[in-house]
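Asks: Chain by chain, the residues run as shown.
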Amino acid sequence: MTSREKILSAVKTNQPELATLPDVDFLLQEDIDVPEKFIASLTTIGGQVIMVEDHDAIKAFIAENFKHPSRKITTVSELVDVAEYIEDNSANPHSLENVDYAIIQADLAIAENGAIWVSEDKIRTRVLPFITQHLAVIVRREDIVPTMHQAYNKIGSNDYGFATFIAGPSKTADIEQSLVLGAHGARSMTVFLIN
Amino acid sequence: MSEIQNTTNHADLAEVFNNDEARVDWHDETLWWIRSKRDVAVNKISNWEVLRETASQIKHNVLSNLNNYLQQFEGNAIANGIIVHWAADATEHNQIVLSILRKHSIGQMVKSKSMLTEECHLNDFLEVNGINVIDSDLGERIVQLAKEMPSHIVLPCIHKKKEEIGELFHQHLGTPAGNADPQFLTETARQHLRDTFLTRRAALTGVNFAIAETGEFVVCTNEGNADMGAHLADVHIASMGIEKIIPERKHLGVFLRLLTRSATGQPITTYSSHFKRPNKGKEMHIIIVDNGRSIQLGREDFRNSLKCIRCGACMNTCPVYRRSGGHSYHNAISGPIGSILAPNLDMEKYADLPFASTLCGSCTNVCPVKIDIHQQLYKWRQVIVKNGYVPAAKTASMKIMDWTLSSPTAYHTAGKAGRLVLKYAPFMVNNKLNPWYKHRDMPEPPKESFGEWYKKNRK
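Protein chains in written order, with our numbering: chain V, 1 to 195; chain P, 1 to 459.
Bound-form chain V, shown alone (with noise of 0.2 Å):
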């Protein structure tokens, strides 16, 4: 018998009785202040929230605070100009390696704990919005949903080959459980956030 047949007959023999498995839409009924607690959780968590109007706005932004020299990596097409812009998923991981900014685009956010979400099309390459120094994202406030079960139901049965949450700047607090923010990914987190 190989281990698969061991224990999968093992977890046969010993698993209980069927028990039904729980609803979970009813969760979706939460109702909050969306952009407002947004911009809150976000920012309690380490992260900026700028708003915008539109791209002309976030491209001011860009230009007057992520300075020379640096390189900056967009894979927003409206962003082109101030950015190198990656289109595809051809680039080797290993080549983003001295990335300083990376602008991306959110599918999604979350009000009550300040994440957004961005599958593999968004970000073109996995470990760009891990590998850069600091990471920009672009939030339309409709894309902003209550809590992490709506979150879900947007997302429903999309496919992706990687997808990720990520709320605020990389941080850890293993030491002294002091707060350090800048662990091993982004050293800061800033939401553009379009009305």
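Every clue listed holds true.
Simulated crosslink set (PhoX-like; lysine-lysine; CA at most 25 Å straight-line): (1) P/Lys447 x P/Lys416; (2) V/Lys37 x P/Lys44; (3) P/Lys282 x V/Lys122; (4) V/Lys6 x P/Lys307; (5) V/Lys37 x V/Lys154; (6) P/Lys37 x V/Lys37; (7) V/Lys59 x V/Lys122; (8) P/Lys161 x P/Lys37; (9) P/Lys147 x P/Lys161; (10) P/Lys44 x V/Lys154; (11) V/Lys122 x V/Lys72; (12) P/Lys416 x P/Lys456; (13) P/Lys399 x P/Lys386; (14) P/Lys307 x V/Lys12; (15) P/Lys103 x P/Lys282; (16) P/Lys370 x V/Lys12; (17) P/Lys307 x P/Lys370; (18) V/Lys154 x V/Lys122; (19) P/Lys423 x P/Lys456; (20) P/Lys160 x P/Lys37; (21) P/Lys399 x P/Lys349; (22) P/Lys162 x P/Lys147; (23) V/Lys122 x P/Lys280; (24) P/Lys349 x P/Lys386.
These are calculated hints, taken from the structure and not from any lab test.
Once you've looked at the hints, dock chain P against the given chain V.
Replies: Here is chain P on its own, set in the frame of chain V:
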């Protein structure tokens, strides 16, 4: 039996930890502070109790249908292009990891947090076989440099002072002696590990949740180390216990809301990464590990322990854990949850752990999936005694107690003798031979027993 007396046990190891009272206080207060942060986060969620109950029921369904879910997960993962392996025990798990690395002629691997690999003692095994492993979670890297086990499942080096960490970094990473600034030390680790991430061809991660419906798995970190390792390597190996399965993607909403609020009081980890398919040209492996879990599944009183999502809330709240330190549990998973998981693996070796509790029930109250932890601790005690694994001193005193309580004459004589001793010769019991006295005084003896009072007053 005599062997138990001689090997490490929780009480002896806790005594070592308790030699430094100031450190015990600091450890106690640090963990209680994290517990308090948990409370603040939890109180912001109006339907927290509903979430806990829902999570517990989902896990109940998982355990009752695990045979099917595991096969469903396997089928979907394979369809997604992931290579699936099954390991009956720790040895087989370690062999599988080694064979994957050997196949690719890889001699160095970067690893993110996986308590399962701690349970399997993977690092030691790989080292013996010539593979260099670097732990990339900061806390895990620190205990690895110190050649220790993690003392907490979420906060691996919570027992260490920053000065000790500064000294470790000075010795191993060449930082200036005496620098113990957390910001500086973290930046040093970032630079040192960035080079590791960029040069390793294999990365191993744990698994927080595996979705039967889609064949994907989710890995949660705050540091981003799992993603840095996995996305830069050619080969990603993910190790998971059979109990990590959840039925559908939407159930993640429930568990991800509970996990980090319970663990550290954060609303969610910085990264919750969903791995579904390997990147083109890369390999992704999943090792599904039993290592005693299917046996625990068959123990009706203890199977709920398999609902655990490894948040560590039971440790942070436990008055015994906070004052005895994680290493006193001499097991990869410490604290209350470790004490109900460990005896399943080796009842004799871990016979002491279910006794390392006051049964106050605080662990049960904070558990996000409603595991009846303190009741299981109490039940394990009975199983351990029935199987004869109770420490010899406890057996002897229990036998005397049994004889005393079953004979009215002996009971009355013993009661009188006890009251006389406490009245006239308290040093007879208030001494080092009586373990009860260690941190307490014996109570004031009553002048007479209820029996004596009743005899005098019933007329």
